[in-house]
Amino acid sequence: MAQKFRPAGSKNVRRKNIAARLVSISAISATSYMLMLANANGPAFNPDLQTPPLAVGAIVPETGSPITDPVNIIFQSATFVGPNRSLKTNRMRPEIDVIELSRSFNKARLRLAQLRASEPAQLDPLPQNSGLNIAGITAMEIPAPISIAAVDPALASAALAAIAKATPLDPSVPRPNVISSKLAYARAVAPTTQRELNRYSERDRWCLSSAIYFEARGESYRGQVAVAQVVMNRVKHPLYPDTICGVVFQNQSWRDRCQFSFACDGKPERVTEPKAWARAQEITQKVTTGKIYLSEVANATHYHANYVHPSWAKRMERVTAIGTHIFYRFRS
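Residues in the sequence shown are numbered from 40 upward in steps of one, following the numbering used here.
Since the hints were made in silico from the structure, they are not lab data.
Check before you lean on any hint, since a few could be wrong.
Lysine-lysine pairs mimicking DSS-like chemistry, simulated, CA-CA at most 27 Å apart [to be verified]: (1) K330 x K314; (2) K314 x K325; (3) K275 x K353; (4) K330 x K275; (5) K325 x K275.
Sequences are here, hints too, so could you generate the full structure?
Okay, structure coming up:
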C-alpha cells in the first residue's frame, strides 16, 4: 500500500492561509460592532423635515353655516336601518283577480267602440254593370261593427242559434244526404265483424308447424292433422308441458329418446320444401283455432311408425292408424 507524502513547503502555506482568514474575520466583526453602537439619525427625528399638518375640510351649505352634526346620524336613518333579510318574509307575488283585471279594460273597450261607430264606413266601389242602384244608400244606414265581446259565456249558445236562424240557406250548395231510419236501424242491429283470434304465440305456431313438417310432411293431409292433434293433446295433459314448444322439444337432449324424433336425432333441420311448409302452417292455424278435429284420433298422446316396435306400445291403448303412423293413448 502506497503511503501519503506531502512536502514541508505545502504545510507552511496552509498554515499561513488559516491565519489570514482569522485576521479578516476579526476585522469584519469589530467594524460591524462599532457600526451597531453608533447613533442612527433619520429624517423622522428632524423637526424641520416633519410633514406639515393637513387642512381639515368642512361642509358649508349655501346658507353659510357649516354642518357640525356627526355623520353617524345618516347611518341611523330608515334607509340604512330596516328589517333584515330574515324579517322580509312577505315577498310573495300578490294574487291577481282575472275578472277584475278584465273589467278594468271595459272603459277602453267602450271608448274604442264609440270611435269606430263615429267613423263613416268605407264602401267598395261596385262595377258599372252590376245593375244595382246605390244612390239612396248612405254610410249611416250601414250598421257599425260591434267590438265588445260577450262577458257571460252562457250567451254563446243563444247567439249561435240566432245566427243559424238568420243565415239564409244557399240553394246552390248541396245538402248532405240523410240516412234513412231503416238503414240506420239495420246498421245498429248488424253483428260486429269478428276477427279470427289465436291465443297461441307466433313461436308456438312455428313449433307446431315444424313438428308437422319434419314428422309427417310425407303423410296425407289427415295424417299431418293427426300429428298436430297429438301435440295439442299433450299440451292439455297434466303429464306434459303446457306449451306447444315445450311439448315438441321435450327431452331433446336425449338422443333418439323423444316423441318427435326430429328434435333429438342430432341432425340439422332445414325447410327445403316451401309448399309442404305452407301446408304445415295452414294446418297449424286450423288446429290451434279449433277449426279441424279428427274424432278417430281423439285424445291420443303417442304415435310411432309402423316399421318400428317401441316397448311402451304394450302399455298403451291403440286408437287408430293413419298412413304409416299408429296412434295410442293411456289406458283408462
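Status of each hint after checking the structure:
1. K330 x K314: holds, 21 Å
2. K314 x K325: It holds: about 17 Å lies between the C-alpha atoms, which stays within 27 Å.
3. K275 x K353: holds, 23 Å
4. K330 x K275: Given pair K330, K275 holds - Cα atoms ~17 Å apart, limit 27 Å.
5. K325 x K275: Measuring from Cα to Cα gives roughly 17 Å; hence the hint holds.
Against the hints set out earlier in the document, no violation occurs for any number.
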